[in-house]
Amino acid sequence: MNRRQSDHLMMIIISLTILIIILTYFIEINSVVHGQGVITTKDNAQLISLSKGGTIQDIYVAEGDTVKKGELLAKVVNLDLQKEYQRYRTQKGYLDKDVNEISFILDKENESGLITLDGTRSLSNKEVKANIELVHSQIRAKELKKTSLDSEISGLQEKLSSKEKELALLAEEINILSPLVKKGISPYTNFLNKKQAYIKVKSEINDIESSITLKKDDIELVVNDIEALNNELRLSLSKIISKNLQELEVVNSTLKVIEKQINEEDIYSPVDGVIYKINKSA
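Position 71, counted from 1, in the sequence shown is what my numbering calls 627; the numbers after and before it change by one each time, with no gaps.
There could be a bad hint or two in this list.
Claimed, not checked - Below, a list of computed lysine to any residue pairs in the SDA-like style, where the Cα atoms sit at most 25 Å apart:
{"hint": "1", "residue 1": "K639", "residue 2": "Q817"}
{"hint": "2", "residue 1": "K719", "residue 2": "K756"}
{"hint": "3", "residue 1": "K758", "residue 2": "K799"}
{"hint": "4", "residue 1": "K624", "residue 2": "I831"}
{"hint": "5", "residue 1": "K738", "residue 2": "A724"}
{"hint": "6", "residue 1": "K758", "residue 2": "T745"}
{"hint": "7", "residue 1": "K625", "residue 2": "K639"}
{"hint": "8", "residue 1": "K833", "residue 2": "T611"}
Hints listed in this document are in silico derivations from the structure and should not be mistaken for laboratory results.
Computed from a predicted structure; not experimentally measured.
Input sequences plus hints: build the corresponding full structure.
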């Protein structure tokens, strides 16, 4: 290598050195960390967010804290959600009580199979209570009518018994007078009077028997009316229970959803790690 080549090489080295110094001046090194571990990317970060907002009640950790999986991090209270939960709980309590009370009334019946007033005093559903009392008063009126008809039939049967005895005596007298009249021993007019009396009593007996039959028919109608009123009331109460059970199914389903949302107000760590950042925006 001659002198000229040597000088040229030296200039290149000096130029490169100056360039490196200039580049080093413009490069900013933030920090250097020495240690052992595993380098991870942001893809390994766990972002925890809430489906609904609320008021932060407590935060149990700070940025930089090390946490374990399942550790309680914070608690958020959603007052609107709590109010909604209480409203559905109240509705559930009302429906449960209504179903139980009405079911108790349906199960309580007298020897005739009629719904009684037992249990209606403590009945919470005032509309149902008023309806039961109304139907019971209608049934009571029908029962009083039936009692009156039974009494009338009893009186007619006593009268019928008396008339039948009277008819039997007249028949006996006619049988006695008949041969005497033929022999001329007894006057015919006496025999005729007995025959007319017999016919009259017989007609009266027929009228009494017809009256008894009619009143028995009336009693049957009254009994049918009572059964119809009772069955209608029973059907009405059963429909209320069915409707309440359907509403209960919806309410219970809604409560499960709300309870799940309330449970989400307790924020737990999904993994082991370090708290990177806390955003208090709830």
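Between K833 and T611, does the CA-CA distance stay at or below 25 Å? The hint holds at about 19 Å.
For the pair we were handed, K719 and K756, check the Cα-Cα distance against 25 Å. OK: K719 and K756 at ~10 Å, within 25 Å.
Holds or violated: K758 and T745, Cα atoms, limit 25 Å. The given pair, whose Cα atoms are some 20 Å apart, holds under the 25 Å limit.
Straight-line alpha-carbon gap K758 to K799, limit 25 Å: At roughly 61 Å apart (the allowed maximum being 25 Å), K799 and K758 break the hint.
Hint consistency between K624 and I831 [alpha-carbon to alpha-carbon, up to 25 Å]: Holds, because 11 Å separates the two Cα atoms, which is no more than 25 Å.
Assess, step by step, whether the Cα of K738 is no farther than 25 Å from the Cα of A724, and give holds or violated. Roughly 22 Å separates the two Cα atoms, so the pair holds.
Given the hinted pair K639 and Q817, is their Cα-Cα distance within 25 Å? It holds: about 13 Å lies between the C-alpha atoms, which stays within 25 Å.
Has the given pair, K625 with K639, been kept, meaning a C-alpha gap of at most 25 Å? 31 Å, violated
The structure fails hints 3 and 7 (numbered hints given earlier, in ascending order).
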